[in-house]
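> Next come the chains, spelled out residue by residue.
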Amino acid sequence: MSRYVGKSMKRVEDPRFIQGKGKYVANIHLPNMAHLAIKRSPYGHARIKSIDTSKAKALPGVIAVYTGQDLIEGGVGKLPCGWNVPDIKVPDRWPLTPDKVRHVGDGVAAVVAETPYIAYDALDLIEVDYEPLPAVVDAKKATEPGAPLVHDNVPNNISYTWALGDKEACDKAFAEADVVVELELVNQRLIPNAMEPRAAVAQWNAATEEMTLWTTSQNPHPIRLLLSAFTLGIPENKLRVISPDVGGGFGSKIFHYPEEIITPWVARAINRPVKWVATRTESMMTDSQGRDHVTHCKLALKKDGTMTGLHVQTWSNQGAYISTFAPLIPTALYITLLSGLYKIPGIWGEMWGTLTNTVPVDAYRGAGRPEASYLLERLVDLAAQELGMDPIEIRRKNFIPANEFPYQTPVAFMYDSGDYHKLFDKAEELADYKKMRQEQEKARKEGRLIGIGVAGCIEASGPAPSAVAGSLGSAVGFWESGKIRIHPSGKVTVFTGSHAHGQGHETTFAQVIADELGVNIEDVEIVHGDTASVPFGMGTYGSRSAAVGGSALVRSAERIRAKMIKIAAHQLEAAEEDMVYDQDSGKIYVKGSPDRAKSFAEISLAAYTAHNLPEGLEPGLEETAFYDPANFTFPNSAHIAQVEVDRETGEVRILRYVAVDDVGKVINPLIVEGQIVGGIAQGVGQALWEHGVYDENGQLLTGSLMDYAMPRADGFPHIEVARTETPSPHNPLGVKGAGEMGTIAATVAIANGVMDALAPLGIKHIDMPLTAEKIWQAIQNATSGNGASGGGD
Amino acid sequence: MKIEGTHTFNAPRNVVWPMLLDPQVLANVMPGCEKLEKVGENDYTGVLKIRVGPVQGTFNGKVTLNNLTPPESYEMVVDGKGPAGFVKGNGRLRLEENGDTTTMHYEGDVQVGGRIASVGQRLLDTSARAIIRQSLEGLDQQVNARMQAQNAPTSSADTTDTPPPLAAAPTQTEFALGVAKNFLEELIPEEQRSDLMTKGLVLLGTLLLIRLLGNWWANRIAHKVARILKESA
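Read top to bottom, the protein sequences are chains E and D.
All residue numbers for the first sequence refer to the numbering used here, where the first residue is 1 and numbers rise by one.
All residue numbers for the second sequence refer to the numbering used here, where the first residue is 1 and numbers rise by one.
Mixed in with the good hints, there may be bad ones.
Quick list of in silico lysine-lysine cross-link-like pairs, DSS-like style, CA-CA up to 30 Å [said to hold, decoys possible]: (1) E/Lys566 / E/Lys591; (2) E/Lys57 / D/Lys62; (3) E/Lys141 / E/Lys591; (4) D/Lys88 / E/Lys55; (5) D/Lys38 / E/Lys49; (6) D/Lys62 / E/Lys100; (7) D/Lys2 / E/Lys140.
No lab work stands behind these hints, which were simulated from the structure alone.
Chain D on its own, in the form it takes in the complex (with noise of 0.2 Å):
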């Protein structure tokens, strides 16, 4: 699976760059982080809750940091495996300043074996968008956070030090919303969404209508071929 992508930050580089190497910063913004622990100079370990479709599975992961350019680039080896599977990636990561704002390139090659890629397969790029997308979301709210820290008219010189307020990570129910969301904003062209999401509720009640007549039908159905089987008997 290849993973691409540019986003844009309110916020200078230098305001950015200690944000994507903070791993209290990353395991808050990232759904399903459960923990991330720097243990090295460039070394993480963390553990992620992941739920792709019918999958849900606990991953205890690795992450290397290589080729660290501060406050440009790095690259990244991820390496994480848990019941459900494993995972197995290396990304690259590029800050661009352009005045007040910072844009990140970043790609990457990911590997997923198990259970979440033969079982979760059909499901698993636009979950792995899901992730990255409210990663960012989140990551934007931290780093607003921080800039609107910044810019406040400070008295003592202390404030820097205070960490600025986390904003919560997302539940796991808040992911399969944001997984839903994703799905439709592949499926359907903007202007056609709320007329369809209207039309998409009424066949929903119309499924689950047919859903309930139908078995009630496959019973009495079953119960006649019963009963002429008995009789031929």
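The shape of chain E in the complex, shown without the other chains (with noise of 0.2 Å):
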């Protein structure tokens, strides 16, 4: 039936990116636009004592300059949080800071200048008189008696707490246990890096009193709704949000930031387009950065392998404000997730969102769901040494089988569909798994330090069924919007309130289109990101466009059809229930005779001339809907990495990286590998080489590419790469998310693959990211005798 989905189709999106084509925030050009920059403090905590403008003022070509309390007496709002868990205390975040900042980069003054040049200069003639305070970075070290409070009024810097699961059958695992293992681990602090930094340009319409602002965001619609509802105060109606092509989000840009307010705030003052562009170092300094847990846990096991209980304590570091949706990330994106794919009676998670003097922390690719993998698969990995077992059979014991599902996790989720063993088979075959292990067996006899990682790794994706958000603290729903106008000459203009930023969205809901209403993918154009166009949708992250937006896309498309079928059976005078709809070639006809079909064109223009149109049936021919999920989906993965360490240096390079992924249908699957391949490189990273530092002070000491190390082609082997497929029961186009299962799954793979390495020299753990240094450091002290129970940091 599908000409289109399924197949392998060139992202039509990409001849406009590669050629340099694509519309970016920071391509925008207004006539009179002016130049907005940001003062930022250098300090990591510290009290501001006063503000003298004057000197930026007097600077030629300086137009304004305003300070926080200047946007506070100009009406702005406080940054609100779109997720409140229990007792949360969530303190005052202003667009720009008024009394105290709080992290380096904390936002004081705005200067708006004729051009970029003379605004960045004027920045070096604000004079800002600091007193400086003592700072807190650490997560867990910021609740400890006597830790400075990034808030006055959040005691002991906890913002929130949260646990789940079942506690009593957790304490009785560990009891009843043969074998426990433990892990001390820190899941190190991530910075998004998207491709194009954040930008925002705003035009005001004095006349209208209407604003446009084009921002870089994943979700305009929600932007709009806080810009109105909290922080701006343009009504909805008089708010045109437009997210153009847009860089990279990664999460980064989901979130409400203060530039996003201040310039259009600024816009409106002086009566001229005003334009802000991040430089990197901003983006480093103010992007809401990513993971960044200090957790204890520890697995409680029969003799035999099979898990009992699991028991989860994580200090997850929110940053010095919180972020848009922060407390979702460490809470119902993490502990609901702690069953991984295994059936373990007794889990019990605990956390405590602190506050610190670092840039906030939010969803960043994973989300909560590579944390939680993380520390399990470590676990299990532990387990399996300690029992002797093969990390693969203790997996595959554990497994919750395929005929179990829709199967109950004891921590809120249930899984909707899964054949963890059928992933694990390819894997295992693709990979050679037992030769690898003989091939390992024989580098180790030869003095190499050869590893095998594997991780078994399960994602909640698609978020989500919106009265589930709303108990579990979400402000909003979750549901997407998908709107379908067919035009009189039978072309079709597409409208998603999900977003691409990199997803290739204008290619895969075009192939799933063009199937559903049997045109041409060419006549099918797709539209996202404009408020003024496109119905109020939630955007895109938590891979949940296809099983979300998708979803909406197609309901759309069955009441096309259903309309269209309408139209045909009234002049072709047939009872609607004897139509056929030919989905190959959207002819419609009557049951039996296809020759006396009428075409797509034909329908849709009888629809918008109205001149025979059945009694009562409306012209036109557009349709909206509003898709509310049952359930997330969950997609699952089996990732293989073969990594070899160089005992000289302490330096790890991938041999073998095989990535078999259960993403349920597929719509186009050169799509979904660059997905999963991007997201392993992700997830590699974070493995191997990125880390957000900062000092005591909280000084941040990677504020540049130089100092923060990305994941580059060099250090990756060609990925092997290869899917399962079990639909999801509850979405029409039966898939699941792909977009993060890559970075999800690949970290904890390599760390794995590190550790099964250094095995033999009795090394346990070392904290991420694995770097050369630490390695080398690890295997000094373990072969100098002094610290053969692990090494590192």
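Can you join these two chains into the complex? Each is in its own frame, and there are hints to help.
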């Protein structure tokens, strides 16, 4: 039936992107446009005693300079939190801080000038008198007595706590366990680094009092809502938010940021278009960052390798303020995933969300799920080692069997579908796992440190049933909108409330709709990212676009087909139930007489001429659907990494990387493979190189790409990708999320591989990133006999 | 950032000590120091221009000396800030006389923030050490000049009042070379240096060539891709 879905089609958006013809916010030039720059704190924590802007204001070309107090007096509001777990304390966060700076990069003043260069020069002329205060940067140390308070009204720097699971069953499992393995670990802070830094352009129409804001957002409608209801105060029907081409987000462009409030506020104040574009360093010290957990965890098992209990305590660094969805990540996207692929009866997870003098932390590709997978899969490997079992054998022993889906975990989620044995069968076959182990044995005898890292991971993607989200603390729903407009000529425009910033929606959604309606893919145009033309939509994150956004489009297409059938039946003088809609050709005919068919274009035109419509049927051909998913989808993965550690230098080299993922039905295998491979690169980045580092005074030590190591092509072998397919039973496309699975599995696959390589030396655990220096140090400690239990910091 | 070290001057303590309190001398030997003035009994203000990697900035600072025990030791507090960030530090300095020479022991704790810390981090330690080393080299010259002036046979009594000739402060280029030199010294053991220098030059030339060729290739590939796309579109 399907002409397009399931086919590897090249992305229709790529020619414009790789030829430099994409339209990004920074490409927007408006007549008479002024330029904004933000004065930022060099201190991790300091009281603002005074700000002298007079010299900056006197610089020729400077139009105006504003402080935090000016903005408050000008009516801006505090940035709200969109996910309120019980008893959360959300400290005040203003677009520019008026009293204290709480992290390096915290904004204190804004300059608007004729050129960006004048604006930057003027920043240097603003004199801020600071009284430096002691800082705290560590998630756990922030809660200790005597730690400096980031916000005076949040005692012990604890914004919220959350716990989930069955404590009694967990305690019992540990009391009756034959074996317990434990880990103290740090899941280090990551800096997102989308290729395109954040940017905003605002244009105020004083005559109509309408504001247009172009912003680098993954979700323009929620941003418009927050601007209207909380921060800027311009009514939603007078505010148009456009997210044009966006060069990557990875979560960091979901959130509401100060600059997208300040830019339109200033545009209105000076009645001129205003543009702000972040520098790379500015992005590194203001974009919400990822991970940063301090965790203590332990796993209880029986002698035969059966997992019985898991206890997790996590201190989750929230940074200096609570970012828009920050409390969701280490709660409902973290503790709920602790069951992994396994039947573990006694799970108890507890966490503390703590404030520190660092950049706020929020969702970053994987968001909570890589943190959960990392600790669980590390523990499983330690258990296998302890019990002398093969890492895959112990996993298989504990898998939820394929015939037990839907499966209710002890941590809230009900997994929709999966076949984990089949998944690992394929991975073992592709990797030739047995041979890999034999080779490892041989290499070890030669003194080489070869390791095989296994990871079996679960993800909850496609958020989310709105009622469930609401019960967990969400201030919004997580349905998606889809609208299809058939033009009189039979051409199709599709409006999706999801947003593409690298995902390729213009291709995949066109494949879906062309198949649903039986039209040529060239006749389908995908529109997204403009609140003026697209119905309210929730945007893109959590690998939700296909499962939720795609499903909304399928629903609208069903309604279009139903209406076209009505019109065709009327014109062919037949009963609706006798009609056939041929989805290969778009032709509609009476069952048994395809020769007397009405074409898609004929019915489209008929709907608009309205000369001959069934009685009571409205003219036009346009349908909108709002799709609220029945459940998350639960993609899962088996990744096997073969690595070698250089004994002399500690350097890690990836020899092979095999990834088998079950992401349900696949719309475009080429795009899915790209997502998986890109995700793996990002996951490996965390395992081996990336680390956002602060010193004890709150200085960001990794504020440039010279100091923050991003993954590069030369660090990778060819990544071998394959799939298994258990369709999601509850969405019409049968799809599951594919965007984050690679990242979730790769981090721990590599970490397990490196630890497996180092196992002969008695090294049990080293915290990420597994840099050559750390590994070398651990090898030195282990081989000099004074640190057999492990190394690293 | 911790700073610690010792340095030996070829002069007795009573010659070295006053020089370490003389703003004119210090301003002259410190690379990037544009001004240093005594504004109070033990207070100085100054302007220091620093370049760390890609970050360049002018710092306005205040130096306060505490617990002066002439001619033996003092403590100092430094507080400077500028558009590129801030520098805060405290240090201790002690002079030990060994006959004709004086050994200076110094240690300090410096906090650096802002652009200079977040972008220049990787070069911070080396730059700080280069500043100290060059300052000390400058001081050595000044001390030697003063010693020569004292030791020269003089007929008139007022010679000691004439300030000795001041050695010129290093220029920006000299300072940058100094930083590079420090890097090299830390990276490469002395005995391998000349050999590596030759190899380094060859490597540098090769890299330049690859870079140029690389650009040419990249352009060709980009054109080819664009053409294919055009044809397939």
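> Quick one, are E/Lys57 and D/Lys62 close enough, alpha carbons at most 30 Å?
holds, 27 Å
> Are the Cα atoms of E/Lys141 and E/Lys591 separated by 30 Å or less?
Status violated; Cα separation ~73 Å.
> Holds or violated: E/Lys566 and E/Lys591, Cα atoms, limit 30 Å.
holds, 14 Å
> Compare the distance between the alpha carbons of D/Lys38 and E/Lys49 with 30 Å, and conclude whether the hinted pair is satisfied.
Distance of about 27 Å is within 30 Å: holds.
> Checking one constraint from the list: CA of D/Lys62 to CA of E/Lys100, max 30 Å. Satisfied?
holds, 24 Å
> Checking one constraint from the list: CA of D/Lys88 to CA of E/Lys55, max 30 Å. Satisfied?
Cα-Cα ~25 Å, so holds.
> Has the given pair, D/Lys2 with E/Lys140, been kept, meaning a C-alpha gap of at most 30 Å?
Holds - the C-alpha atoms of E/Lys140 and D/Lys2 are around 26 Å apart, at most 30 Å.
In summary, the structure is inconsistent with hint 3 from the numbered list given earlier, while agreeing with all the others.
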